[in-house]
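Could you put together the complete structure from these sequences and hints?
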Amino acid sequence: MASFPADRGREQLESLEFVDRAEDLVLYGDVGRGKTHLAIAIGMLACQRMIPARFLAASSLVMRLRKAKDDNRLDAELKSIGGAGPVIIDEPGHLPIDIDGARLLFQAGADSYETRSVTSASNLESGRWGDVSGDGDMAAAVIDRIVHHGRILRFHGESHRNKHSLMK
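If you count the sequence shown from 1, position 119 lands on 119 in the UniProt record's numbering, and the numbers rise without skipping.
One thing to keep in mind: the hints can contain errors.
Pair ranges (Cβ atoms, derived) [claimed, not checked]:
(1) 22 x 124: 33 to 43 Å
(2) 166 x 3: 22 to 32 Å
(3) 40 x 75: 26 to 36 Å
(4) 12 x 47: 16 to 26 Å
(5) 60 x 161: 13 to 23 Å
(6) 124 x 83: 37 to 47 Å
(7) 31 x 137: 21 to 31 Å
(8) 72 x 47: 24 to 34 Å
(9) 144 x 8: 17 to 27 Å
(10) 137 x 83: 24 to 34 Å
(11) 115 x 163: 37 to 47 Å
(12) 161 x 124: 13 to 23 Å
(13) 20 x 59: 23 to 33 Å
Everything labelled a hint here was simulated from the structure, so no lab data went into it.
Glycine is no exception: its CB is placed at the ideal position from the N, C-alpha and C atoms.
Encoded structure:
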């Protein structure tokens, strides 16, 4: 179950109007509540409407950007990722990121600011993003950009996996 902001609901989400306006979307809640499921659905809906979308786990994105930097093709990689309508980043904050990885993620986010929609799905509240990135100032700058043109959908209730677990 998700709680939508007062001025947004399912209709606005399904219309993908937030993608057209380059607004960000944060899917936040505990594990097993459906954040990744909804993020995938947004990406699939965009593709069905012929809007290119990218879905990347945060850890994979960092590795990809790191490799591109090492191969001296970071700009090309950022341009490739930025060619999508919505960029969907799953699980930021699940794994700690060193300062270089945090800088690369920040650069990818800064390149997207006001140019494309970024959706992130995380169980880590934004106030703790600095803990896993190793740089509170950089995390604050990312949060500042997301808040400027973004909305948060809060997920709550029982874990879907626990509810349907065979181990009862």
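Of all the hints given earlier, name the ones this structure violates by number, lowest first. Result: hints 1 and 6 break, sorted rising.
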